[in-house]
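S.K.: My request is simple: use the sequences and hints to build the entire structure.
Here this note's numbering runs 86 ahead of the position in the sequence shown, where the first position is 1.
Where hints are given, some of them may not hold.
[Unchecked claim] Simulated restraints on C-beta separations:
no., residue 1, residue 2, range
1, Q237, G202, 30 to 36 angstroms
2, Q229, P171, 49 to 55 angstroms
3, Y168, K278, 16 to 22 angstroms
4, F265, K149, 51 to 57 angstroms
Simulated from the structure, these hints should not be mistaken for laboratory data.
Built from N, CA and C at the ideal position, the CB exists for glycine as well.
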Amino acid sequence: MRSELPRRIYQSRPDLILNIDNEYMTFMLMDELKKYYRNSAVDMPQRHYLSRFVRDMRNFHEKYVDFMHYTVPLRSAVGAGYEFPAKYMGQYGTFEAVRHIYQRSSTLNRLVNEDGTELQVSKRYFGNDCEKAIVEIRDSWRQQNGLSDDQTVIFFAPGNELKEAQFTAESTRKGIREFLLKYSAPTSLSAKARPLDNFVTVISTHEGSAGEQFMKNYVKEHGWTGKVIWVTNQ
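M.R.: And the structure:
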């Protein structure tokens, strides 16, 4: 941490300071910052902290942070029923997933605002609404891609970054190959095994990413057991 950072924060007169993820740096910075406000007529701004867990926060942490926003809904019991001031905010990826379901649903799409930043949900019927919408979207997607209800779909998201795709590609290809050799005809020993054509791998990539380019070259070079369908974020 640069020594001038607390001073620059003090001079900018913020109403709120939001620290993200690094607990050690957060506590150290907030402790240094207090020195500038100790003998000042300027009020200390609100000190907020965003991270995954709130379960390890105790009352003595309040001297560093006033409020916490956390993304993993796990809390642990603390003596005397103490709870650190905090609010569960969830994962943005969850919002994106629910928004996608609502936007693709013929009955729920009107509950998403025009720019996609907000959506309305019913606490009572949310689970049922999502279940029906997912079935509708799944049926529509299968129809568009010529897949019947009894075909097994294997979903694979190798990652957008080159290193992610390199790390996952070979082990996933081998795992799917071994699975299909064991459970699909004609290589399976089971008389009830369905033909290989009944199994489809859906490879999901981010359009234009290094991960997408690597995966397409990888599949072209090494092959893939069974049918492959490519999908992107677009």
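S.K.: Run the structure past the numbered hints and jot down the numbers of the failing ones, going up.
M.R.: 3
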